[in-house]
Amino acid sequence: MRDWDGAEMLTQPRMAVENLRIGRNGSTLLDVPYLALGGPGPTLILGPNGAGKSLLLRCMHGLIPPDGGTVWQDGALLGEDQRARQAMVFQTPVLLRRSVAANLDFVFRRQGIRWRSRKARIAALLDEGGLSGKQRQAARSLSGGEAQRLAILRALACNPEILFLDEPTSALDPAATQAVEALILRASARGTRIVMVTHDVGQARRLGHDIVLMQAGKVAEHAQAADFFAAPRTAAGRAYLSGALVI
Amino acid sequence: MQGFSEEFRTAFGLIVTGDPGLWDIVLLSLKVSLLAVLIAACIGMPIGAALAVSRFPGRRFVIILLNALMGLPPVVVGLLVYLMLSRSGPLGVLQLLYTPAAMIIAQVLLVIPIIAALTRQTVESLDAEYTEQLRSLGVSRLASIPVLLWDGRLALLTALLAGFGRAIAEVGAVIVVGGNINHVTRVMTTTIALETSKGNLALALALGAILVGIAFLVTALVSMIGISREREVLYHA
Amino acid sequence: MKKRWLLAAAVALGCAVGAGQIQAKDGFIVVQSTTSTQNSGLLDAILPSFEAATGIEVRVVAVGTGQAIRNAMNGDGDVLLVHAKSAEEAFVVEGWGVARLDVMYNDFVLIGPDADPAGIGGGNDIVAALYLVAATQAPFASRGDDSGTHKAELRYWMSAGIDVSEASGSWYRETGAGMGATLNIAAGMGAYALTDRATWIAHGNKDGMRVLVEGDRRLFNQYGIILVNPARHAHVKADAGQQFIDWLTGAEGQSAIAGYRLNGQQLFFPNAGH
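Line order of the protein sequences matches chains S, E and R.
Going letter by letter, the first sequence gives residues 1485 to 1731 in our numbering.
Going letter by letter, the second sequence gives residues 5 to 241 in our numbering.
Going letter by letter, the third sequence gives residues 7 to 280 in our numbering.
These are computed hints drawn from the structure, not numbers from a lab.
The C-beta atom is built at its ideal place from N, Cα and C for all residues, glycine as well.
Be aware that a few hints might be false.
Coverage of chain E stretches by chain R, computed from C-beta distances (three or more under 8 Å per stretch; other residues unrestricted) [as the list claims (entries may be wrong)]:
1. 90 to 104
2. 175 to 185
3. 203 to 209
Only chain S is shown next, with the shape it has when bound in the complex (with noise of 0.2 Å):
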């Protein structure tokens, strides 16, 4: 299997676009002939805004029909069977009008586990999050940082083998990003696929193992990081990198 500029990837990609489409008004606001995405660590978006990105990850997870174009998972076309196995995080978070706990309970009861079982979870999850003590507080209560952690580790309750998210850190402080970035990494170390969208190079080169630059709708590069960051292939790396603004 080929990627974009021939380079040999992987032979099972977790993910696929072919031909991924998206237009408004005239005007093309997706063009994706081919990406595959699957390496052992997280996969980072970067890209200036009006690249495409969120509309990129959202077509993945199903959010958005493209105009034309599929959209593979391990192989098959993606359908409710593959989204089940999805999950995301957003650039807000949007918790529910409850409790930290009841935000947790919420995916796990619609998993039909028993309430023991439930309790036992969510504690468990709320402490690798680092919100125990938190249950019964109002979810719309907590600080940006403490309710981007808690989207995540409601997300990371459906049990996801892909995991999106759509520049979770860009509205907290080098504090909370760190906290989350952590979450973020242990997941990806049992196994949970990371997409990310950021908008932060730095954030970039700390978790990415291979990265994909959007431009204008197009990607413009996909590389491992290390070679990414060392040095890019395409004339647009080069200028995103250097900080010029790319149009």
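Position chains E and R against the provided structure of chain S, taking the given hints into account.
Just chains E and R, lined up with the frame of chain S:
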């Protein structure tokens, strides 16, 4: 108005001494209206929520119709219910005319549009906020209804109070279907109407003050539940 | 969460059924009557004796005569007690009622403002008085609701040769309301009005108004009682209804009517069987 202060003293004297006649009327008013709101909520809330999350041709028209029904004239509803429940009417065999049940039915019909329309509004704006996240979590449109209803519970509480206000203040419909029969279907509003027609205006006014006071008490009690919950649900900046 | 909703719905249903059950007892009759018998306090005063003697609860629906007759035609009452003799007789002739009996009478009076713009105070000729009211175009509040009082009023206008429908909206104001409400409106606009004496005496809002014309033999106001025909409506409680009629037209009921006073005045005069 003659004997104004005297009548007021009489009326408030009735409350203080716990006059059984007056308390029977008050209790019947509360029983009828509270039951009516409860039943209307069980019917109206699911309708409003379903309307909010569904998309079908003509949806806009149904929403406009629902909003318009909030202005249904009570006396018209009373007449329609009377025609249904009359012995010569289709539901005459149920023998519901001139009973509290008939009054509850009339008030339910009046309150359902209010609760349904306000529920639709609340759920629709919540839906806009939640829809992506719920879809991401794999919640179907149908399954999202109870989630949205519970999360919108504070605004829906206000809808219930609006419905209660309409029910407890209602006189046109209940007087037609209830008959204002002493000890059977006489409630606060119909008593006030009767006293007014007897020319006992000050007494009617005093009873009106009592009615407002009771409605205020019920509203305050329910709102306090809402306010204490609201303190938990603060939005972070 | 779902269980809570189910529970609440079950409770609501249970309450509704319970509310219906409370009223399901059969020991009652429904009497369709007029606002004058209600507002004067007569029924509240004499019914308890009947209920104590027979154990039958009497539920009175007090509306305008026209509505009472219509309700009885629909079968929504067991007994009809109104004061519009020709309408009552038509009711029986058309088969809606079994038979009509006299019960009691009082009289109509013409009330009006102390200022008395038409100058009819102290008179005892109702037709002449109304003629003057029309001539001076003084405000007049009419029931306008097809009630017994309204029908009587229209008879007097006809005797005076006046067509009030032309004047409707100017000095002739049709309230379309019950007697008490019409009296309130008359007091509010300083208008003349025809009322039965009982309602007037019992009325609490008499400021600036008094009886101006009374005593005319034509002002006689007869009340009649009719059992709704069980042949037309099978569910009518004919036995209990007849018991009530017998009681009201019998010695006990008649003396109860005579014994009812308000402000020291007798409001209704029994005349059953005369």
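Notebook entry, point to check: Honestly, which of those hints from before does the structure not fit?
Noted result: Hint check: nothing fails, all pass.
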